[in-house]
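Residue numbers (numbering that gives the first Met the number 0), protein chains in the order written: chain A, 0 to 395; chain B, 0 to 395.
Among the clues, some could well be false.
[To be verified] Computed list of lysine to any residue pairs in SDA-like fashion (alpha-carbon distance at most 25 Å, straight line):
#1 LYS121(B) <-> ASP116(A)
#2 LYS341(B) <-> ASP116(A)
#3 LYS119(A) <-> GLY109(A)
[Unchecked claim] Computed Cβ-Cβ distance ranges for the label pairs, DEER-style:
#4 GLY339(B) <-> ASP385(A): 31 to 39 Å
#5 ASP385(B) <-> ASP60(A): 49 to 57 Å
#6 SER43(A) <-> ALA257(B): 37 to 45 Å
Honestly, the hints are just simulated from the structure, not real lab data.
We treat Cβ as the ideally placed atom computed from N, Cα and C, and that holds for glycine.
There are 2 protein chains.
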Amino acid sequence: MSVTAAAGFLAAGVACGLKSTGKKDLALVQNRGPLKNVASVFTSNRCKANPVLWSQQVMADGIADAIVLNSGGANCYTGARGFQTTHATAEAVAERLSISAGDVLVCSTGLIGEQLDLDKLKTGVWDAGLEILTGGATSAQAGLDAAHAIMTTDSVPKLSVRTVSALTVDGADYTIGGMAKGAGMLAPGLATMLVVITTDAVLSSAHLDAALRQATRVTFDRLDSDGCMSTNDTVTLMASGASGHEPTLDDFTAQLTALCQDLALQLQADAEGSSHDIAITVTGAVSEDEAVEVARAVSRSNLFKAAMFGNDPNWGRVLAAVGTTQATFDPYNVDVAFNGVKLCIAGEPGESRDLVDLSPRAVDVVIDIKAGPASATIWTNDLTHDYVHENSAYAS
Amino acid sequence: MSVTAAAGFLAAGVACGLKSTGKKDLALVQNRGPLKNVASVFTSNRCKANPVLWSQQVMADGIADAIVLNSGGANCYTGARGFQTTHATAEAVAERLSISAGDVLVCSTGLIGEQLDLDKLKTGVWDAGLEILTGGATSAQAGLDAAHAIMTTDSVPKLSVRTVSALTVDGADYTIGGMAKGAGMLAPGLATMLVVITTDAVLSSAHLDAALRQATRVTFDRLDSDGCMSTNDTVTLMASGASGHEPTLDDFTAQLTALCQDLALQLQADAEGSSHDIAITVTGAVSEDEAVEVARAVSRSNLFKAAMFGNDPNWGRVLAAVGTTQATFDPYNVDVAFNGVKLCIAGEPGESRDLVDLSPRAVDVVIDIKAGPASATIWTNDLTHDYVHENSAYAS
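Kindly generate the complete structure, drawing on both the sequences and the hints.
Okay, here's the thing in structure tokens:
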């Protein structure tokens, strides 16, 4: 299902030869309306890929008809020729679907610094467009094909759907669905990886933007698998209005946040080479921002992450990372618990390490800095032999 | 030689059982004067170990008679009892050498969150003191023993000596010698790891402080092996004045900087599990601080570091890291060279990757951001299977 679950959306995923494996590598999603409202958040990396530069222009008016996504190349640091490739891809979609190129968003993912093959892209757009024009593109399989086409080192496609009916206060009925890709370079600044979310709810572009920023702030932005920020991160939310139902902004935001969290945790679970999904929760902070700052510092400590790989509840490495932050707290009055066992109490050794079992994939680290009422969780992964292996291969 | 090369200094390194291997684990260095001037820089980590808290008090008046260092435990996050252990260690040194405990610096290194065995420390102090009181402690072997006693995961001791004579403008003669330890948690804020430097030059505490801050700023502070800042980092510089020669501050600073750089590069070469020594040089920055910011961001990218392990000149990962900084530059007008081969020119693919040979241990990455006249180099290492292995062992 994913992006085809909501009424008004069609999708396709095809293989056009960008991936040397012959697997699907181009996805196309069209919004048939009646609304064409859109909101996107992009990487805060200053080195933005050409499709990001293009899509920022396209979505400036809050309207988009379609989004085309390719794997097999990031089209980043490819200069003027690379930007022309993005532009020509949007033109090809526009021609195929009889829409305007200025309403076609483009996303790319793969290796940085290589030119994409425009002929292959055009072939892919033609084939994907054929599926959309000739039916079948609203099926669950079509949504799954699109999700497959945006995979790079992902081992599984990431999909999520929420149909909101009796669950809501007003008993209305609408659907949100989404797909995501991302397994490495997974530490977004404002967005993460490539994510497309569709809904048939009736929402203005401004409300989509507000809901998306709130949802990504506490989901994708709290995912920090390897501390590396991509040049291509894009999360796009498209609304067709085809359900005819207009939810309240609060209700929609809550539903969207739940969907984004589901996708974010799927990204975490499939992170390159990982053997643990680690939730680092900081409590007792004076503000949510400071809780995030402390948790993120721990999530970026290679020594902590290597210890997790070794199932070693090394709380000293947690505190060494905590001490590099500017957050408000007394460094000598901090508690640290691993999977519920308080190994450090008020800055001194607490319960025995022997009580902690880190062999399950899920690890909970809770750091109480005892300075205020705020808390936040960052989701990260361990640093493993397989992570090093996967990322040390030539031109991976 | 190391710390015993300069006149006026005695040293010893003994085994007292803190290391389960039975290897040397306690070093003692005494300054016999006539001057007892000292300067130290400490970790900028807010979670400071007990010996750091103690030594900050001791050196506040610019005077110290001795420094005692132990491996086998960091004495960090050990609470009031841990601070008492540090205090009692200084008292034991004071009693043994008939000096004041308030003039004894203490350094510890090893696992965080474990209490040190005070009885063993006292035995070590007694034995090391015996060597100092009965002769032999000025020998090259004594300096080597001390350097061995502060090793943790280091595979070799780090020593450096400079005797300044005809080299200087005024033909005077004095010596600077030092020892260092450090192989992991190697990303200092203000200082790095444990380093003791001795000199027989005549210098005030204020001049020692000025020279040491200038030297560490461009040497130890530019070393960023794994992005992890220790809780125990200390660099101490002691002057005996025994040569009778008073160098100019500029001359002494230059000599000290060269010695610190030698020790820093020895630390880099022995970094845990590393297979490459990588120098990341940023040129064309508007300020030295911004050059450091950009180079440090690259040095902390796990994806870049894993690529180096795989001998993969993946310049896209360099630019993805550069883009996370706030430095002044045009992200689309950057050059990147690996070992002299310009793979990226003005933000587009340049020379062929095939021209780059990354098989030697030494790798030079030069990033020209074309915004100003300043430059800086950060020294780092690659991210390897062995780094993960060494740091994933239980309670390592």
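Structure-based check of all given hints:
| no. | hint | result |
| --- | --- | --- |
| 1 | LYS121(B) <-> ASP116(A) | 71 Å, violated |
| 2 | LYS341(B) <-> ASP116(A) | 23 Å, holds |
| 3 | LYS119(A) <-> GLY109(A) | 15 Å, holds |
| 4 | GLY339(B) <-> ASP385(A): 31 to 39 Å | 33 Å, holds |
| 5 | ASP385(B) <-> ASP60(A): 49 to 57 Å | 53 Å, holds |
| 6 | SER43(A) <-> ALA257(B): 37 to 45 Å | 41 Å, holds |
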